[in-house]
Amino acid sequence: MTKQICLFNHKGGVSKTTSAFNLGWILASRGKKVILVDCDPQCNLTGMFFGLSGVDDLESIYLGDGNSITNIRDGLSPAFDSKPIQITPVNCPPMKGQKNLRILPGHIGLSEYETTLGIAQELSGSVVTLQNLPGAMHHLFQVTASKYKADYILIDMSPSLGPVNQNILATSDYFLVPMAPDYFSVMALDSLSSVLPKWKSWANKASSQDILKNATYPLPNCDPKFLGAIIQRYRIRKKGVPAAAFQKWISDLNVKTENTLLPALRDAGMLLPEEKYAAAKSRPEVPLLQMSDFNGLIALSQKFSAPVFALTDDQLGQTGIVLERTKKSMHEFRRLFDDAATKIIALTK
9 MTKQICLFNH KGGVSKTTSA FNLGWILASR GKKVILVDCD PQCNLTGMFF GLSGVDDLES
69 IYLGDGNSIT NIRDGLSPAF DSKPIQITPV NCPPMKGQKN LRILPGHIGL SEYETTLGIA
129 QELSGSVVTL QNLPGAMHHL FQVTASKYKA DYILIDMSPS LGPVNQNILA TSDYFLVPMA
189 PDYFSVMALD SLSSVLPKWK SWANKASSQD ILKNATYPLP NCDPKFLGAI IQRYRIRKKG
249 VPAAAFQKWI SDLNVKTENT LLPALRDAGM LLPEEKYAAA KSRPEVPLLQ MSDFNGLIAL
309 SQKFSAPVFA LTDDQLGQTG IVLERTKKSM HEFRRLFDDA ATKIIALTK
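Mapped onto the numbering used here, the consecutive letters of the sequence shown carry residue numbers 9 to 357.
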C-alpha cells in the first residue's frame, strides 16, 4: 500500500509547504511516484505546484475537463454531502518537468467539512448517518494513489489542531514536524507532546468500533510513526553556521524535542524501533533536515514551479559572483534534501 506521510505543526510559518514540495520533487527524482496532497484551505502548495499568481487562476484547474474530480473538496463530497455516489479518485496533474510528481489540488471549501467531521469523530459510535466520514479522507487518498500507482503520499496540512488535521495525522503511516527557530515553535512542542498521543488514542478506540469498521469508508487502524523534525528559516554566518540568535533557538528546539516530545511519542507508541532509525543513519532527536532560509530563491521557486535546487541560470537572472554564490547555496540545498530523502526511504521500508 502507498505510504502516507503528513507534515504537521500547528505553528504556522515553519515551511511545511516548501518542505513538502521540495521533498516530493527529490523523491520523484529518485524514481518514486509521489502525490502531493494539499490539505491547507489556503492552497499554497497548489499555487506553488502550478505557479499560480492568485486564487483566480485556480478556476481553470477546478473546471478541468468537466468529467473528472479535480480537487480535495469535490473528492470528499460524496461522503460529506451525502451524495448517492461513491468516492472516486481525484485527477492529479503531473508536474511539468517531473512526471513522477503529481498533486491532489486543495480547495478552500475543505474547511466547510471541519465542523461536520468533528461531530462525526465525537459521536460516530452512536450516530449512524455520520459513520462514513472518519474514514473518507484516507479512502480518497488511497484510491487516488492506487490509480497512479503512487509510492508516497505527502500531505501538506494547515496550522491548526482541528478535526481535519486530527483525522489526517491519525490515519497516516508517518509524520514529519517542521519547525522554525523561534520562541513559538519551542512552545508548540509542548502542545504537540500532549495532543499527538491523544489523537493516536482516539484513533485506536474509534477504529475498533464495529460501526466504523463496517462503514462504506472504514476508518483504518493506522499506526503513525515519527520520521523526524525539519528546521528551516534561519540566517547563517560564515562557514554555514547559523547566526548566534538562531542557534540559540535551534538548540532549544533540539532539547525540547529530546526531553519532551520524544518521551511523549515513545509512551504513545509513535516512534519507530531504535534499530530502524539506526539503520537509516537517522536519530529522532536530531533534525532529519536542517537548512537555512531560502531567501530570494523561494519567490523564484514559486514563480517557476521548480524546487529551489533546480532553478536554471535564466530563471535566476543573475551573473558573476552573485550567480556563483547562489548556485553554491542551491547545491547545498540539493544535498540536504537528497540526504533527507535517503533517510525517509530507509525509514519507510
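Hints are supplied without guarantee of correctness; some may be wrong.
[What the hints assert, rightly or not] The calculated lysine to any residue pairs, modelled on SDA-like cross-linking and capped at a C-alpha distance of 20 Å, are:
{"#": "1", "residue 1": "335", "residue 2": "357"}
{"#": "2", "residue 1": "233", "residue 2": "201"}
{"#": "3", "residue 1": "335", "residue 2": "284"}
{"#": "4", "residue 1": "157", "residue 2": "97"}
{"#": "5", "residue 1": "40", "residue 2": "106"}
{"#": "6", "residue 1": "264", "residue 2": "321"}
No wet-lab data here; the hints were simulated from the structure.
Now the hints, each set against the structure:
Straight-line distance between C-alpha atoms of residue 335 and residue 357 comes to about 33 Å, which puts the hinted pair past the 20 Å bound. Under the criterion of a C-alpha separation no larger than 20 Å, the hint pairing residue 233 with residue 201 is consistent with the structure, at around 14 Å. Among the hinted pairs, residue 335 with residue 284 is inconsistent with the structure: their alpha-carbon atoms are about 34 Å apart, more than 20 Å. With a C-alpha separation of about 12 Å, the suggested pair residue 157 and residue 97 falls inside the 20 Å cut-off, and the hint holds.
Under the criterion of a C-alpha separation no larger than 20 Å, the hint pairing residue 40 with residue 106 is consistent with the structure, at around 11 Å. Between the alpha carbons of residue 264 and residue 321 the distance comes to roughly 41 Å, so the proposed pair goes past 20 Å and is violated.
This entry does not satisfy hints 1, 3 and 6, going by the numbered hints stated previously.
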